[in-house]
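Peer 1: Same order as they appear, the protein sequences are chains E and H. So for the first sequence, our numbering puts the first residue at 1; every next one is plus one. So for the second sequence, our numbering puts the first residue at 1; every next one is plus one.
Do not rely on the hints blindly, as some may be mistaken.
Computed beta-carbon distance windows for the label pairs [unchecked claim]:
| hint | chain 1 | residue 1 | chain 2 | residue 2 | range |
| --- | --- | --- | --- | --- | --- |
| 1 | H | Tyr80 | E | Pro68 | 27 to 35 Å |
| 2 | E | Val174 | H | Tyr80 | 50 to 58 Å |
| 3 | H | Leu77 | E | Leu109 | 56 to 64 Å |
| 4 | H | Pro233 | E | Gln2 | 53 to 61 Å |
| 5 | E | Gln2 | H | Leu99 | 53 to 61 Å |
| 6 | E | Val198 | H | Thr98 | 42 to 50 Å |
Bear in mind the hints are in silico, worked out from the structure with no lab data behind them. Given the structure is predicted, the values throughout are model-derived calculations rather than measurements. A virtual CB, placed ideally from N, CA and C, is assigned to each residue, including glycine.
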Amino acid sequence: MQCKDGTISVIVGPNGAGKTTTLKTVNGLLKPWSGGIYFGGSDVTDLPAFRRVEGGLASCPEGRRLFPQLSTEANLLLGAYSRRARHAAETTLDFVYGLFPRLKERAKLNVGKLSGGEQQMVSIGRALMTRPKMIILDEPSLGLAPKLTAEIFEKLVELRKEGLSMLIVEQNAVQALGVADYAYVLQEGKVINEGPPVELMDSEELRKAYFSIE
Amino acid sequence: MVAAELIVTDLAFGLMLGCVFSVVAHGLNMIWGVVKVVNIAHGEFIMLGAYGAYFLNLFAGLTPLETAPVDAAIGLLVGYAFYYAFLHRELRNKETITLQSEMVTLAATFGLSLFVSNLAIILFTGNPVGVNYNPGTLQFGYVRVPLAALYVAILSVLIIMGTWLFLERTFIGSAIRAYAQDVTATELVGANPAKVASLATALGFAVTMAGGALLTVWIPVGINPLMGALYAPISFVIVVLGGPGKMWGSLVGGLTLGVVIDLLQAFTTAQIAYAAAFLILIPVLVFRPEGLLK
Numbered sequence: 001m002q003c004k005d006g007t008i009s010v011i012v013g014p015n016g017a018g019k020t021t022t023l024k025t026v027n028g029l030l031k032p033w034s035g036g037i038y039f040g041g042s043d044v045t046d047l048p049a050f051r052r053v054e055g056g057l058a059s060c061p062e063g064r065r066l067f068p069q070l071s072t073e074a075n076l077l078l079g080a081y082s083r084r085a086r087h088a089a090e091t092t093l094d095f096v097y098g099l100f101p102r103l104k105e106r107a108k109l110n111v112g113k114l115s116g117g118e119q120q121m122v123s124i125g126r127a128l129m130t131r132p133k134m135i136i137l138d139e140p141s142l143g144l145a146p147k148l149t150a151e152i153f154e155k156l157v158e159l160r161k162e163g164l165s166m167l168i169v170e171q172n173a174v175q176a177l178g179v180a181d182y183a184y185v186l187q188e189g190k191v192i193n194e195g196p197p198v199e200l201m202d203s204e205e206l207r208k209a210y211f212s213i214e
Numbered sequence: 001m002v003a004a005e006l007i008v009t010d011l012a013f014g015l016m017l018g019c020v021f022s023v024v025a026h027g028l029n030m031i032w033g034v035v036k037v038v039n040i041a042h043g044e045f046i047m048l049g050a051y052g053a054y055f056l057n058l059f060a061g062l063t064p065l066e067t068a069p070v071d072a073a074i075g076l077l078v079g080y081a082f083y084y085a086f087l088h089r090e091l092r093n094k095e096t097i098t099l100q101s102e103m104v105t106l107a108a109t110f111g112l113s114l115f116v117s118n119l120a121i122i123l124f125t126g127n128p129v130g131v132n133y134n135p136g137t138l139q140f141g142y143v144r145v146p147l148a149a150l151y152v153a154i155l156s157v158l159i160i161m162g163t164w165l166f167l168e169r170t171f172i173g174s175a176i177r178a179y180a181q182d183v184t185a186t187e188l189v190g191a192n193p194a195k196v197a198s199l200a201t202a203l204g205f206a207v208t209m210a211g212g213a214l215l216t217v218w219i220p221v222g223i224n225p226l227m228g229a230l231y232a233p234i235s236f237v238i239v240v241l242g243g244p245g246k247m248w249g250s251l252v253g254g255l256t257l258g259v260v261i262d263l264l265q266a267f268t269t270a271q272i273a274y275a276a277a278f279l280i281l282i283p284v285l286v287f288r289p290e291g292l293l294k
């Protein structure tokens, strides 16, 4: 699998296909049994997750994984934990608030009190605070109303214009393929098809992966 | 009138005792609340802190107040060593502590507790010792307050306030609070989880040993190798009263216990007072299992 600079790559596939496992291997929470992970030309297979974050690989994990007892702003600022990000924390925070003005209104509020959509914004914002070159997103639409999902995906497209690369896993294949530059169809842990989304949209494999009962 | 005076005096002493209890329990609270490990050997490190005050007084003439920062510095080192010896292997690469790791750390720290207290018997003998520190008394109306106890109470509150400020106002402090809520997410913001957890553990030990030094003011002839057997349960009760992981919980739990013990002592014996104090744990666990603090 490959993700090019400044593009959005999407992994789609049914439940249990290994999408989340793939992402956790990329961000370093799991170790691959074989093969390797390369980021920006260097081998990061043996680096722990936090080192990959320092190197510019950020994550919005499944279920968002925010710190519910901390304020919105404290959650965001934690994203700027690594030394490289800390120097630019204020500038990045302004950028995040510019992207999601609603978070600025909620800055002092405990993040546990925010709506699902706002929490997803915090999750993306926290990832941006690490000053990443690439963000990995696991199910950004999870639990969100269609309108909010569309809004989130719009923001992701905006971020691509800034030169950010993204690797997205989505159940909501139509929405994800709509913004993707390249897509992989995963089934039972294997890539069964790949290509630009327009080519995949009406492929037999994608339809099978999603709709066949067998 | 006499009864009222007695109660006011006991209340004042109870509050001061409660302050030092709070700081003694605070180290346990930090480790329990952040790393989710209950250190059974907690009492032994209070004991070592108390002996620190005894020996530094004996050989260098330091007061318990002056020993507290020295004990804290030693506690930091001991805490790091403790983390890497007992906790690191159980905690690394885990999203939350597993039941198996909880059992392993309970058994390991229980073993450590026995080892340290028995080693202390060999090194320090079983004879109780004490530190003589008496900077005078202060008269508040009809209440006479020993200055030593007052200084210790103030320093205790400052220590708890200091740890709170550290956790609230510093980057690494907020990472510690984050770690207490979600280890994996802490790693995903770029913090090294082992570094965060070991620092929290080290801080816990620093506070515990400093607390041991301050406690000596209250036990003029009570420093002995087995004193941990009393102060560990007191600490457990305080942490449960206040709620593990709540920094001000230590103070709430400590003051509650201090006042209850001192008031009961006025009417019964010390033994009954301590026994009865542990009983308040039962209603708290039944009605407010998350602790007295919200």
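Peer 1: Each hint: holds or not?
Peer 2: Outcome of the hint check:
A hinted range of 27 to 35 Å for the beta carbons of Tyr80 (chain H) and Pro68 (chain E) is consistent with their spacing of about 29 Å. Distance hint check: the CB atoms of Val174 (chain E) and Tyr80 (chain H) are about 52 Å apart, consistent with the given range 50 to 58 Å. One distance hint, 56 to 64 Å for the beta-carbon pair Leu77 (chain H) and Leu109 (chain E), is violated here, with the actual separation near 40 Å. Between Pro233 (chain H) and Gln2 (chain E) the beta carbons are some 59 Å apart, a value that agrees with the proposed interval 53 to 61 Å.
Distance hint check: the CB atoms of Gln2 (chain E) and Leu99 (chain H) are about 41 Å apart, inconsistent with the given range 53 to 61 Å. Separation of Val198 (chain E) from Thr98 (chain H) is about 46 Å and conforms to the stated range, judged on CB atoms against 42 to 50 Å.
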